[in-house]
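Fit chain L with the ligands to the given chain Z structure using the hints.
Quick mapping for you: the protein sequence lines, in order, are chains Z and L. Residue numbers 1 to 582, in full-length UniProt numbering, belong to the letters of the first sequence in order. Residue numbers 1 to 582, in full-length UniProt numbering, belong to the letters of the second sequence in order.
It is worth saying that the hints were derived from the structure and are not from the lab. No false leads were slipped in.
Pairs count within a copy or across copies, as identical chains cannot be separated in the list.
Think about it this way: if two alpha-carbon atoms lie no more than 30 Å apart in a straight line, the pair counts; the simulated DSS-like pairs of lysine-lysine are:
(1) Lys264 / Lys21
(2) Lys44 / Lys162
(3) Lys89 / Lys31
(4) Lys287 / Lys44
(5) Lys50 / Lys287
(6) Lys356 / Lys307
(7) Lys51 / Lys287
(8) Lys51 / Lys307
(9) Lys50 / Lys307
(10) Lys89 / Lys44
Protein chains: 2
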Amino acid sequence: MNLQGFCHIPKSNYAYAYTDKDLDIRLRTAKDDCTAVRVIISQKHRWRDKKAYRMEKVASDRLFDYYQYRFHTEDSRLGYYFEVSDGTKTLVYSESGFTDTFDDQNAYFHYFQYPYINETDLHRIPDWVHSAIFYQIFVERFCNGDHTNDPVPLTPWGQPPKPQSFYGGDLQGVLEKLPYLQELGVNGIYLTPIFQSPSNHKYDTTDYRKVDEMFGSKELLCTLVQQAHKVGIRVVLDGVFNHSCWSFAPFQDVLEHGEQSPYKDWFHIDSFPVGRFTEEEAHDYTKPLDLSRLNYRAFGTSPSMPKLNTENPELEAYLLGTVSMWTKDTGIDGWRLDVSDEVNHGFWRDFRKTVKAINPEALIIGENWHNAYPWLQGDQFDSVMNYPVTKSCIQFFARREVDAAQFAGDLSGCLMRNSEQVDFAMLNLLDSHDTMRFLTWCGGDQRLLRMAVLFLFSYVGMPCIYYGSEIGMEGGGDPDCRRTFDWNRENWDKDLFHFYQQVIALRKKAKALQDGTIRMYAKEGVFYLIRACGESRLATVLNNTDQEKPIALQDDFESLISTEDMKKDVLRPFSGCICRLL
Amino acid sequence: MNLQGFCHIPKSNYAYAYTDKDLDIRLRTAKDDCTAVRVIISQKHRWRDKKAYRMEKVASDRLFDYYQYRFHTEDSRLGYYFEVSDGTKTLVYSESGFTDTFDDQNAYFHYFQYPYINETDLHRIPDWVHSAIFYQIFVERFCNGDHTNDPVPLTPWGQPPKPQSFYGGDLQGVLEKLPYLQELGVNGIYLTPIFQSPSNHKYDTTDYRKVDEMFGSKELLCTLVQQAHKVGIRVVLDGVFNHSCWSFAPFQDVLEHGEQSPYKDWFHIDSFPVGRFTEEEAHDYTKPLDLSRLNYRAFGTSPSMPKLNTENPELEAYLLGTVSMWTKDTGIDGWRLDVSDEVNHGFWRDFRKTVKAINPEALIIGENWHNAYPWLQGDQFDSVMNYPVTKSCIQFFARREVDAAQFAGDLSGCLMRNSEQVDFAMLNLLDSHDTMRFLTWCGGDQRLLRMAVLFLFSYVGMPCIYYGSEIGMEGGGDPDCRRTFDWNRENWDKDLFHFYQQVIALRKKAKALQDGTIRMYAKEGVFYLIRACGESRLATVLNNTDQEKPIALQDDFESLISTEDMKKDVLRPFSGCICRLL
Ligand SMILES: [Ca+2]
Ligand SMILES: [Ca+2]
Chain Z
1 MNLQGFCHIP KSNYAYAYTD KDLDIRLRTA KDDCTAVRVI ISQKHRWRDK KAYRMEKVAS
61 DRLFDYYQYR FHTEDSRLGY YFEVSDGTKT LVYSESGFTD TFDDQNAYFH YFQYPYINET
121 DLHRIPDWVH SAIFYQIFVE RFCNGDHTND PVPLTPWGQP PKPQSFYGGD LQGVLEKLPY
181 LQELGVNGIY LTPIFQSPSN HKYDTTDYRK VDEMFGSKEL LCTLVQQAHK VGIRVVLDGV
241 FNHSCWSFAP FQDVLEHGEQ SPYKDWFHID SFPVGRFTEE EAHDYTKPLD LSRLNYRAFG
301 TSPSMPKLNT ENPELEAYLL GTVSMWTKDT GIDGWRLDVS DEVNHGFWRD FRKTVKAINP
361 EALIIGENWH NAYPWLQGDQ FDSVMNYPVT KSCIQFFARR EVDAAQFAGD LSGCLMRNSE
421 QVDFAMLNLL DSHDTMRFLT WCGGDQRLLR MAVLFLFSYV GMPCIYYGSE IGMEGGGDPD
481 CRRTFDWNRE NWDKDLFHFY QQVIALRKKA KALQDGTIRM YAKEGVFYLI RACGESRLAT
541 VLNNTDQEKP IALQDDFESL ISTEDMKKDV LRPFSGCICR LL
Chain L
1 MNLQGFCHIP KSNYAYAYTD KDLDIRLRTA KDDCTAVRVI ISQKHRWRDK KAYRMEKVAS
61 DRLFDYYQYR FHTEDSRLGY YFEVSDGTKT LVYSESGFTD TFDDQNAYFH YFQYPYINET
121 DLHRIPDWVH SAIFYQIFVE RFCNGDHTND PVPLTPWGQP PKPQSFYGGD LQGVLEKLPY
181 LQELGVNGIY LTPIFQSPSN HKYDTTDYRK VDEMFGSKEL LCTLVQQAHK VGIRVVLDGV
241 FNHSCWSFAP FQDVLEHGEQ SPYKDWFHID SFPVGRFTEE EAHDYTKPLD LSRLNYRAFG
301 TSPSMPKLNT ENPELEAYLL GTVSMWTKDT GIDGWRLDVS DEVNHGFWRD FRKTVKAINP
361 EALIIGENWH NAYPWLQGDQ FDSVMNYPVT KSCIQFFARR EVDAAQFAGD LSGCLMRNSE
421 QVDFAMLNLL DSHDTMRFLT WCGGDQRLLR MAVLFLFSYV GMPCIYYGSE IGMEGGGDPD
481 CRRTFDWNRE NWDKDLFHFY QQVIALRKKA KALQDGTIRM YAKEGVFYLI RACGESRLAT
541 VLNNTDQEKP IALQDDFESL ISTEDMKKDV LRPFSGCICR LL
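Pulled out of the complex, with its shape left as it was, chain Z reads as follows (with noise of 0.2 Å):
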């Protein structure tokens, strides 16, 4: 057995709780490395009584093989140690590492132990996650509902965006487009940020108890959630706490008063005077910006978003205050936090105690490109955006790098980075307004998209449609991702639509998408994922090769939902379908 290929940590996402009375025990090998691998667990007041489970192979990935028992008990004060085979030998593995037999005698130094479940520190997530579909919506590009609000000079609808394009996109406008959505079948919407803010994206906010005046107003607001929850729809904010806009008045009032001002901790001011910098300068992106003078802390290297000093109690009370009034008043569903992986957990802490106070229902969403975990135990979100997931789609459908095995493998071990609760919280995506369009990644082949699709709707967490995509939009990096929707119905790609709203619909219909286990695998080039809840089994087959494939599940199955039209058994090149195993 390769010995450095085990892993086991306890109170990690290798042991934690799923509920008050169950727990979750992995443990990774080398892939193919064991025939049989077991934990014997006991409550550790009762070591004697001590019993052998058999844990199930759940996960593979390039290199390792996870495995996992789920624990039920009434005491969760627990020992335990792993016994693995390679079909020849038996190896006993424990805090202690390895050893041919294990020292019950001495057990309490050996064992790994899990000390306790304390249910305040279970990580609970609304259930409503298993049966969310997000819509992604920029608020600013996706539909003028009143033109007196427009700003000067407006950009016409349909031009191509430039870096500081308006176009008069407003709450109205999504509020005017709900049975757009729900034609759509969509029942959860993300909404960019609405808070006052001078930039088109609103990403640098100047009040951040007031919305926009481009977008609406806070009464405006009101009406689109409680509309929106009418229909089913859940509405989601963007808060950006990371950073603000150089007008917002503290940090103006740092500018003109200095040291003097009573804002200047609510900041990162290396020295005083701070340095001043003109729109020309901070928004023309042709030349490059004297970086010496910007002696304060700022979001990347953009002197117009200062960095928030989110360690600053003030600063905090104030923000969290805000983000307490936004979730009372207006009864939101959740927030997605911007840039949320540079802010101190401390904040993203209270920031959890603040709105789950107020709605214990509400989902916190977190922005990190990476591992979050660190995020993602309980304490601080319930979910980020899965941009791993949407790399390994680039990779695999896109650019066509990695091939249908290595892509198994690289999501199998993403969802082994967390808690089986938060991967079906996930905000999965294919794109949004941060990445080139997955379409234009694809070169404008529909086909790929349309596999993309299938799988994104049929992994495990919320599935997220960027606005347009469902209407065969591309654009490439921001700002060109930013485009106008159009709303003439001529000009949309109606058979794109028509397959996502069949996609979706299903995703709606069948429990097994929403609830169900997860296997995935590769046969011949062929990506298979399976699902499976009680009797209930759908298997996602994808062909991603330039070649015809045969459909290899060993159970009858019947297409439900295909990219194309197909023959039975066969998937022709670039194409895929869901099944209902039989």
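For chain L with the ligands alone, coordinates are given in the frame of chain Z:
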């Protein structure tokens, strides 16, 4: 290369902030697998400025090598990956796994990232831990300084203890023995619990706000702390918040009023009425307890110690108010926390905020017997009682069931579980009130104890002597390890006492033992531990074999202290020394 042996996890013990401008980056590899390891780092927004840094192998355990690099930066928004080589092949290791080259075009998808060092998330630990030498006092057995407070009936001082024996030790006794502690040389005392409780150990608290009458008074405690501080001795108290005594008034109220008690949620009651047990039932360990009547959660299966529901906000406020009062009013230097792993993390987070707000120099030490990393990330404890080191010492010195190489490896592995600042704050102990005395583990063979003591005082972290070990006290498991201290010097092992004095004096003098780096290895069955700080380098060499062994150090050396008289360059069986490298 053994790809399964590589491990790196951002924002963990593999990548943590050491200061607000220093990031420690660690990489684990399979043992003896790599010939060169580099980390390539850049500020994320200036990726093209990336630079490579050689990583140093800082530790090896049975299976792995550990490399480390301390990266100093003014801007902690970092991306990084590794380049690993076995001499013939070089691979890139990133968050995306292993590749031949790094994809700089899509760097943000692939690199490991450390998003930002937030100062308030940083794990700051008081500097004084580096020079601290603790002495654990089981108050009831150390010294009876006041006969007016003696409980009745009293067992004569010196008789073997039974579970319920009382001897009359008290705070006045500790106060009177401060000169003794100065003579010994320690500069910290950790007192087992002193708050009101009917037992001799006082781990079952009846009144958290009162010093036990058998032990003294609040005034006496304040005097003790003041007097100790005057002679440079810090004082750490024992906080028992996992459970109370059944005579704790709120529990009595629940017993009496059942569901009507306002305190019913301060405990974990499964059903009403609450089961009642007699003193005899609870404390007669010869008869099995009828656990079917235990319908509330308890410490272990002890009905006399009901578990506290520290998740209840009212109880938390009560307990933290208590902690606040003692911390403020007495000027103590920290808390040791009983059964800390069974209490909710949220309670400990608030505990830390409470204590550090009053005294940022106070130290928080958990009682966690196992890998305690989940509690040692800066938001909860600074340290724990380092029982994994106790275990390794028992295995190596006392039971001789592991050899020097395994001992060095096991310890090195333990060091890599936590950040460096935590390792330096660990409370390292050979024995305690919860274990057999170390000399007894050694079958009374003082040679083995002396080697273990040299080790303990050479190792990274705070050495802690269990009262009386320095005069040769023996004792089996509880209650035998809680014998009374014999103040008749005629009966002491004076050689051993002087040995302890010398070792303590050396530790206090030698900066290398306090602050130095540590490397451990074995050669010809002999254990080597090297501490280095600037020009000063000390080597601890321990021959735990039954054969004479040469001291195989590359440099010239002079012995500073040894377990017995020694010949130059040679260690007799079961002997050791600490040398200065010249
Ligand atoms: Ca408008
Ligand atoms: Ca007394």
